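**Q** Order-wise, the sequence lines are chains A and B.
The numbering of the first sequence is numbering that gives the first Met the number 0, which starts it at 0 and goes up by one.
The numbering of the second sequence is numbering that gives the first Met the number 0, which starts it at 0 and goes up by one.
Everything labelled a hint here was simulated from the structure, so no lab data went into it.
The reader is advised that the hints may include incorrect statements.
Below are the BS3-like pairs computed for lysine-lysine, each with C-alpha atoms no more than 27 Å apart in a straight line [what the hints assert, rightly or not]:
#	chain 1	residue 1	chain 2	residue 2
1	B	Lys127	A	Lys134
2	B	Lys197	A	Lys134
3	A	Lys134	B	Lys173
4	B	Lys153	B	Lys173
5	B	Lys87	B	Lys127
6	A	Lys218	B	Lys109
7	A	Lys134	B	Lys83
8	B	Lys78	A	Lys134
9	B	Lys21	B	Lys230
10	B	Lys197	B	Lys173
Predicted model only: the values in this text are computed from it and were never measured.
One-letter residues, chain by chain:
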Amino acid sequence: MRNSNYKFDWNVIEKYWPEILKGLIITIQISLVGMVFSILLGICLANGKLSTNLLIVRISTSITELFKSIPLFVLLFWIYYGFSLKFNFALTEFQAGALALGLTGGAYMAEVFRAGLLAVPIGQLEAAYAIGLSKMQSSILIIYPQAIRIIIPPMVNIYIGLLKGATIVSVIGVSDMIYVARYVSLETFAPFELYSLAGIIFISLTLSISGFVYFLERKLGRSKVDG
Amino acid sequence: MNGTTESYIEIINLSKSFGSHKVLDNINLTVNRGEVVAIIGPSGSGKSTLLRCLNFLARSESGEIKFQNRSWSLNSEGKRYKGKKYEKTLSELRSDVGMVFQNFNVFPHKTAVQNVELGLIKVRKMTKNSAREIAIKKLEQVGLGDKINQYPDKLSGGQKQRIAIARALALEPKVMLFDEATSSLDPELVGGILEEIKRLANTGITMLVVTHEMGFAFQVAHRIVFMDSGKIVEVGTPDEIRNSQESRTRAFLSAIL
Chain A
0 MRNSNYKFDW NVIEKYWPEI LKGLIITIQI SLVGMVFSIL LGICLANGKL
50 STNLLIVRIS TSITELFKSI PLFVLLFWIY YGFSLKFNFA LTEFQAGALA
100 LGLTGGAYMA EVFRAGLLAV PIGQLEAAYA IGLSKMQSSI LIIYPQAIRI
150 IIPPMVNIYI GLLKGATIVS VIGVSDMIYV ARYVSLETFA PFELYSLAGI
200 IFISLTLSIS GFVYFLERKL GRSKVDG
Chain B
0 MNGTTESYIE IINLSKSFGS HKVLDNINLT VNRGEVVAII GPSGSGKSTL
50 LRCLNFLARS ESGEIKFQNR SWSLNSEGKR YKGKKYEKTL SELRSDVGMV
100 FQNFNVFPHK TAVQNVELGL IKVRKMTKNS AREIAIKKLE QVGLGDKINQ
150 YPDKLSGGQK QRIAIARALA LEPKVMLFDE ATSSLDPELV GGILEEIKRL
200 ANTGITMLVV THEMGFAFQV AHRIVFMDSG KIVEVGTPDE IRNSQESRTR
250 AFLSAIL
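Use the sequences and the hints to build the structure in full.
**A** Structure representation (structure tokens):
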């Protein structure tokens with residue numbers, strides 16, 4: 000791209016936008032599947048960290064720290080190639096990508112869930128017990144609904160991270176937006192235009208999500224959690 | 000007070016420690032049906048912990064609690080209750096024992112009426128309609144008839160505490176526990192809540208009231224328990240306690256009154 004003869008050709012966008020759009024849908028799909036997995040894993044790990052059993056606490060903490068520290072890129076290779084080579088258990092590119100996103104996201108979600116659950120005052124649980132609610136009822140009816148107000152804004156921020164992280168899955172051949180951009184630019188010799196388009200789409204996506212979080216924070220902030 | 004046929008709550012040799020610190024040291028107390036017992040004493044004397052042991056928000060390490068001659072601490076084989084089966088017993092007990100907390104602990108994500116009807120629906124298994132009917136009635140009784148659909152964050156501390164009282168009363172408890180119910184209130188709101196508790200005391204419900212409001216305790220209670228350092232120093236009628244010869248009781252009362 001240092002070649003000064005590079006000529007901008009914005010027409011490629013007009014020509015290839017349906018392909019780019021298809022890639023975008025794959026990106027969103029894989030990030031959403033990864034997010035669902037993150038939430039489930041996050042809930043399990045958070046409850047594990049808050050357990051009274053020291054062994055469960057240690058295991059949950061170790062898993063959290065492990066997946067927080069493995070680069071997504073490396074995790075992706077381990078899952079996609081490692082699994083199939085070592086265990087003869089082949090995941091599709093999409094499954095491997097979603098799993099890697101889910102494990103990384105889940106580690107971050109665990110922290111967010113734990114903080115959210117701890118932010119609900121202990122008196123709430125005592126009051127729930129005092130009217131005769133069981134542990135399960137108290138969690139579902141009293142603690143979780145209050146924690147979710149605290150959890151949603153950081154949770155959406157984790158999703159933004161996963162959405163951007165999803166661009167990495169192209170390296171194992173998931174035909175996401177970045178994959179399409181690279182593929183098309185090999186044909187058209189217009190990488191700058193195509194990657195810029197991908198960038199602009201990402202920026203507008205994340206900015207709208209951030210705007211939504213801001214709106215949520217203001218709305219949820221009005222009914223504060225207190226005794 | 001032992002030996003009366005009316006003995007309703009029996010606390011026998013109850014002890015609890017936090018680490019090496021004995022919060023409750025061999026507590027023995029019997030409460031009769033319909034009796035109002037005020038528990039007074041300096042901060043850290045264990046009075047709140049004693050109250051919390053009664054509905055098992057705090058667990059005693061040794062000793063026993065009996066309600067109407069049935070042990071709530073030990074199962075039929077004399078072992079301490081444990082595990083899943085215990086949870087059902089606990090739920091049953093707790094719904095019969097209403098508790099009002101210092102910090103109100105109303106549920107902020109539920110309206111006043113939802114706060115009150117929750118236990119009726121989930122614990123008493125009532126239908127939504129009949130639960131709501133009772134909840135509204137209870138809120139009217141505590142003077143919140145016009146606030147039933149308000150969320151707690153729109154209400155004053157006194158109003159929140161009224162919701163908490165209505166929430167406890169809705170389950171028709173046999174015993175009410177008040178844990179410093181007025182200590183977090185603005186001074187001008189204390190009187191109203193004390194009035195509410197006094198009115199309740201006159202209905203004949205059995206009550207244990209932990210309080211720093213001495214005037215109130217001496218006026219409302221049938222008996223007063225004075226605690227210090229995890230021990231019951233003295234139990235007596237308000238007159239007996241007021242004229243106590245016990246030096247610790249005298250010191251405490253003269254510092255406060």
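**Q** With reference to the structure, classify each hint as holding or not holding.
**A** Hint check:
1. Restraint check: the Cα-Cα separation between Lys127 of chain B and Lys134 of chain A comes to about 22 Å, which is no more than 27 Å; the hinted pair holds.
2. For the proposed pair Lys197 of chain B and Lys134 of chain A, the alpha carbon gap of about 33 Å is over 27 Å, so the pair is violated.
3. Simply put, Lys134 of chain A and Lys173 of chain B have alpha-carbon atoms about 23 Å apart, close enough for the 27 Å limit, and the pair holds.
4. For the hint pairing Lys153 of chain B with Lys173 of chain B, the CA-to-CA distance comes to about 31 Å; that exceeds 27 Å, so the pair is violated.
5. For the hint pairing Lys87 of chain B with Lys127 of chain B, the CA-to-CA distance comes to about 22 Å; that is within 27 Å, so the pair holds.
6. Distance check on the hinted pair: Lys218 of chain A and Lys109 of chain B sit about 16 Å apart at the alpha-carbon level, within 27 Å; holds.
7. For the hint pairing Lys134 of chain A with Lys83 of chain B, the CA-to-CA distance comes to about 10 Å; that is within 27 Å, so the pair holds.
8. With a CA separation close to 22 Å, the supplied pair Lys78 of chain B and Lys134 of chain A stays within the 27 Å bound.
9. Using a Cα cut-off of 27 Å, the hinted pair Lys21 of chain B and Lys230 of chain B holds, with the two alpha carbons roughly 9 Å apart.
10. As the CA atoms of Lys197 of chain B and Lys173 of chain B are separated by approximately 16 Å, the hinted pair is consistent with the 27 Å bound.
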